[in-house]
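A.B. asks: Residue numbers (the working numbering), protein chains in the order written: chain C, 1 to 113; chain D, 114 to 228.
Everything labelled a hint here was simulated from the structure, so no lab data went into it.
Every residue gets a Cβ at the ideal spot worked out from N, C-alpha and C, and that includes glycine.
Some hints here could point you the wrong way.
Selected chain C positions facing chain D (Cβ under 8 Å, derived; list incomplete) [said to hold, decoys possible]:
{"no.": "1", "residue": "Val81"}
{"no.": "2", "residue": "Ser96"}
{"no.": "3", "residue": "Tyr99"}
Straight-line distance between alpha carbons at most 20 Å, and here's what the computed SDA-like set of lysine to any residue pairs gives [unchecked claim]:
{"no.": "4", "chain 1": "D", "residue 1": "Lys170", "chain 2": "C", "residue 2": "Pro95"}
{"no.": "5", "chain 1": "C", "residue 1": "Lys49", "chain 2": "D", "residue 2": "Tyr218"}
{"no.": "6", "chain 1": "D", "residue 1": "Lys170", "chain 2": "D", "residue 2": "Leu134"}
{"no.": "7", "chain 1": "D", "residue 1": "Lys170", "chain 2": "C", "residue 2": "Ser3"}
{"no.": "8", "chain 1": "C", "residue 1": "Lys68", "chain 2": "D", "residue 2": "Lys170"}
{"no.": "9", "chain 1": "C", "residue 1": "Lys61", "chain 2": "C", "residue 2": "Val81"}
{"no.": "10", "chain 1": "D", "residue 1": "Lys170", "chain 2": "C", "residue 2": "Ala1"}
{"no.": "11", "chain 1": "C", "residue 1": "Lys49", "chain 2": "D", "residue 2": "Thr212"}
{"no.": "12", "chain 1": "D", "residue 1": "Lys170", "chain 2": "C", "residue 2": "Lys49"}
{"no.": "13", "chain 1": "C", "residue 1": "Lys49", "chain 2": "D", "residue 2": "Val209"}
{"no.": "14", "chain 1": "C", "residue 1": "Lys61", "chain 2": "D", "residue 2": "Tyr218"}
{"no.": "15", "chain 1": "C", "residue 1": "Lys49", "chain 2": "D", "residue 2": "Leu134"}
{"no.": "16", "chain 1": "C", "residue 1": "Lys61", "chain 2": "D", "residue 2": "Thr212"}
{"no.": "17", "chain 1": "D", "residue 1": "Lys170", "chain 2": "C", "residue 2": "Asp98"}
{"no.": "18", "chain 1": "D", "residue 1": "Lys170", "chain 2": "C", "residue 2": "Ser96"}
{"no.": "19", "chain 1": "D", "residue 1": "Lys170", "chain 2": "C", "residue 2": "Val81"}
{"no.": "20", "chain 1": "C", "residue 1": "Lys61", "chain 2": "D", "residue 2": "Lys170"}
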Amino acid sequence: AQSVTQPDIHITVSEGASLELRCNYSYGATPYLFWYVQSPGQGLQLLLKYFSGDTLVQGIKGFEAEFKRSQSSFNLRKPSVHWSDAAEYFCAVAPSNDYKLSFGAGTTVTVRA
Amino acid sequence: KAGVTQTPRYLIKTRGQQVTLSCSPISGHRSVSWYQQTPGQGLQFLFEYFSETQRNKGNFPGRFSGRQFSNSRSEMNVSTLELGDSALYLCASSLVGGTSTDTQYFGPGTRLTVL
Chain C
1 AQSVTQPDIH ITVSEGASLE LRCNYSYGAT PYLFWYVQSP GQGLQLLLKY
51 FSGDTLVQGI KGFEAEFKRS QSSFNLRKPS VHWSDAAEYF CAVAPSNDYK
101 LSFGAGTTVT VRA
Chain D
114 KAGVTQTPRY LIKTRGQQVT LSCSPISGHR SVSWYQQTPG QGLQFLFEYF
164 SETQRNKGNF PGRFSGRQFS NSRSEMNVST LELGDSALYL CASSLVGGTS
214 TDTQYFGPGT RLTVL
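So that you can see chain C by itself, here it is in the shape it has in the complex (with noise of 0.2 Å):
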């Protein structure tokens, strides 16, 4: 069975400064992956997905994610924060002929001013 793991439960960043948020993930082949975005009180919004190809992906709100199958790793960056970045993010992950997300446990970011 595929997994998830954020190992960051929480990361304060400065606004301006760039943000890096870690996932890897446990699958026998090549996964579907996805990040998603939950402000307080929403559900989750897709910000950016990878089923093949180019291993950058770019997503919404200027978010990026690189797939590198040698680490099992997706990791989420963005060059600068802005305040209304402060949320929580899940990676997910999918197998391409299912379509059962698993979730990671999530890394909360706090943007200070």
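Given the coordinates of chain C, work out where chain D should sit on it, guided by the hints.
C.D. replies: For chain D alone, kept in the frame of chain C given last:
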């Protein structure tokens, strides 16, 4: 186009009661999935419905059930509520589901509190 809507947004029940949550998918979407989010277990897949049939199921007891109507709206029911059922229940819709290439769009969730 309107997003996924869930009603009610907040619900308080007592142990032993049952509860029904509702989800209206994005117009044109025929697949609806349900997830449970708790601080301890995180986000866990409950089940997926397509064309009024349950197509996928997670590892939850039979107290958790659902159904889908011909207009793709879905309901989730939890019977004999337990304290541990307190959670945010999220609904997600997609065009046809079935494979993970079909993006799931999430609603704001229903916050269930069991006293």
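A.B. asks: Hints first: check each against the structure and report whether it holds.
C.D. replies: Results of checking the hints against the structure:
no.: 1; hint: Val81; verdict: 23 Å, violated
no.: 2; hint: Ser96; verdict: 7 Å, holds
no.: 3; hint: Tyr99; verdict: 5 Å, holds
no.: 4; hint: D:Lys170 - C:Pro95; verdict: 15 Å, holds
no.: 5; hint: C:Lys49 - D:Tyr218; verdict: 13 Å, holds
no.: 6; hint: D:Lys170 - D:Leu134; verdict: 17 Å, holds
no.: 7; hint: D:Lys170 - C:Ser3; verdict: 17 Å, holds
no.: 8; hint: C:Lys68 - D:Lys170; verdict: 30 Å, violated
no.: 9; hint: C:Lys61 - C:Val81; verdict: 10 Å, holds
no.: 10; hint: D:Lys170 - C:Ala1; verdict: 15 Å, holds
no.: 11; hint: C:Lys49 - D:Thr212; verdict: 14 Å, holds
no.: 12; hint: D:Lys170 - C:Lys49; verdict: 23 Å, violated
no.: 13; hint: C:Lys49 - D:Val209; verdict: 18 Å, holds
no.: 14; hint: C:Lys61 - D:Tyr218; verdict: 17 Å, holds
no.: 15; hint: C:Lys49 - D:Leu134; verdict: 29 Å, violated
no.: 16; hint: C:Lys61 - D:Thr212; verdict: 26 Å, violated
no.: 17; hint: D:Lys170 - C:Asp98; verdict: 11 Å, holds
no.: 18; hint: D:Lys170 - C:Ser96; verdict: 17 Å, holds
no.: 19; hint: D:Lys170 - C:Val81; verdict: 38 Å, violated
no.: 20; hint: C:Lys61 - D:Lys170; verdict: 33 Å, violated
In summary, the numbered hints that this structure violates are 1, 8, 12, 15, 16, 19, 20.
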